[in-house]
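Can you make the complete structure from the sequences, with help from the hints?
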Amino acid sequence: MSNQPILEVKNLNAGVEGKKILKGINLTINPGEVHAVMGPNGSGKSTLAAVLAGREGYEVTDGQVLYCGKDLLDMDPEERAREGLFLAFQYPVEIPGVNSTYFLKAALNEVRKHRGLPELDAIEFLNLVKDKMKLLELKEDLLRRSVNEGFSGGEKKRNEIFQMAVLEPKLSVLDETDSGLDIDALKIVSQGVNRLRSKDNAQLVITHYQRLLNYIVPDFVHVLFDGRILRTGDKTLALELEERGYDWIIKPEAAAR
Amino acid sequence: MSTATETIEGFVKKEYKYGFVTDVETESAPPGLNEDIIRLISGKKNEPQFMLDWRLKSFRHWLTMKEPAWPHLKYPPIDFQDAVYYSAPKKHGSGPKSLDEVDPKLLETYEKLGIPLKERERLAGVAVDAVFDSVSVGTTFKEKLAEKGIIFCAFSEAVQNHPELVMKYLGSVVPYTDNFYAALNSAVFSDGSFCYIPKGVRCPMELSTYFRINAANTGQFERTLIVADEGASVSYLEGCTAPMRDEHQLHAAVVELIALDNAQIKYSTVQNWYPGDAEGKGGIYNFVTKRAICKGKNSRVSWTQVETGSAITWKYPSCILLGDNSVGEFYSVAVTNNYQQADTGTKMVHIGRNTRSTIVSKGISAGHGQNSYRGLVKMQKTATNARNFSQCDSLLLGNKCGAHTFPYIEVKNSTARIEHEASTSKIGEDQIFYCNQRGLSTQDAVNMIVNGFCKEVFRELPMEFAVEAQKLLGVSLEGSVG
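Those protein sequence lines, which keep their order, are chains A and B. Counting in the numbering used here, the first sequence tops out at residue 265, every number present. Counting in the numbering used here, the second sequence tops out at residue 496, every number present.
No lab work stands behind these hints, which were simulated from the structure alone. Any given hint could turn out to be false.
[Unchecked claim] Stretch by stretch, here's where chain B covers chain A in the computed footprint (C-beta under 8 Å, at least three residues):
1. 59-69
2. 78-87
3. 95-101
4. 118-131
These numbers come from a predicted model, not from an experiment. By construction, the Cβ of each residue, glycine as well, lies at the ideal position given by its N, Cα and C atoms.
Written out as structure tokens, the structure is:
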């Protein structure tokens, strides 16, 4: 079981409103691995995250995605979530009037029900949550507020990772979690993510900048451009990109076409 | 896999589970409205002369009036000569003396609605007056309440047994001249509930009236009158349902509340009249006048309403704050789905010193629903140090519905303070997807967001009804998810 990849993306083609964005993505993520996907604006990074999470409006035209051996594309978004796929949103959504604690407890209990675990009552839940809050240095009053409402940019991102810590997903997709974070917040968020790493789960980190990868050190770095993975390397590839930009990878490719 | 847009639209297809018809023999007046019909209604009820005189005065006044044109509502003209103004389940012999003699079919109807009237299965802690079409079919816990001196009975009974109270208070808050529908109601009202809480008595249980329209093509006109004498307090709940029919049906009720010195009345409504089908066919036209007077000092009246039914709702439960230090409150959730339209809100008229009022209105629109808040806050010259706080929030589901706010403010005293807050928000596909991504189904997500939106109002409902209201809201916005 542990040898089975968590995610296998095979020749994934997808787009929005007839416009092709992903043009044949191949990607395999095994348990215990951290993968980074980098690329310039418009290369398809966020589309990849959206398709994996099942966001409406994205159309898969070809290819296959297996999640722990199951057909991911056949599942509703909530089913994917309950199966342990977590998306840390680039722009976390505000839900006025819905208490954060209530929201997260409902979410956790859905996931637990799906896994055949008993639902947690309010006290058990609060104990669990208090530990996880410390991990992300979040203030407890945040739990009494409405989901993401009136949160600062940094608080929203930390709240995403906090939710991830509570839900304990098998595959976490972090969509530009570093954008809009100052260096202190970046450290806290990265620390949180790193603590959640285990040999049984995996992380897919989507980012624009190498900066985040100083803190969340990837096993693999993929360069995404025009809907295709042009190059895959280890963490040194990210450093090279930082130094030389994307052109040295993109230009020869463009010339070859 | 369904898209979030489709599912939001899917909520339009709600099911109405109270749409059945009870097959009882009825006794009805011929359609149309004239003085003979009014004499017939009054005669059927064996009313004293003062009632007939009042009805006829009301009718003659009504003839001079026009339907209000100012509400933000669209509907074809109503032919008032086409409706039936009196319909009652046929009585055998001299009519039921007690609930044991009530037609079993009627008892069955209320049981189906979750309101058992029979002694053994009655709702604990709630006394119910059940009104079926034009008449009250029975009132529970009457004797128990009588021990405390509380009068809780059908309006027609009060006219017979307590004419002095009826004469004193009927029309004292909503005069028959007040508006078109109030005048119509005053002329033809057939029954309703009457309640009197004597001095210093706290009513030991919730009182409630359950209104059921059954007969086709019949208007329902009931009248509720509640008097809380000095230092008395009562919590009152009203519920309503009707069968699913293709034609529109008219419902024009009047509710009058009177609170004397230090008295408190809490009036809660869960309105679930048949709203019409997904194409806007059928449904109840609900034109209701509800008004309270805080007559005595330190008195308090609180209106809480959850409005999910009716094709058209036109209703402004109001408070006249006459007594010094009196308090008026209005908490409302109004849902319009499919082709429902609501023009609802409140009026707070501050006359006494240090009077206070609070308005919290939550409008939810889905499908092609149109939801308007209309509210008046009036500070008279005498209302020294009066205060009002108003909050009007609208929530939109989908992009074919509408929310409108019409606040009116009149201030004639410079020491008065008024605050008004308003907001409009939309349940977005982003919010639904965010919830989905955390493992919540779309239905649960919408319920969670809607309930979060309404919680300030639900908090004001009596406990068991708050649960009921939440469920009702779930049903109202339920659809074919997935």
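Quick rundown of the hints versus the structure:
{"no.": "1", "hint": "59-69", "result": "holds (count 5)"}
{"no.": "2", "hint": "78-87", "result": "holds (count 3)"}
{"no.": "3", "hint": "95-101", "result": "holds (count 4)"}
{"no.": "4", "hint": "118-131", "result": "holds (count 3)"}
Violated hints are absent here; each numbered hint is respected by the structure.
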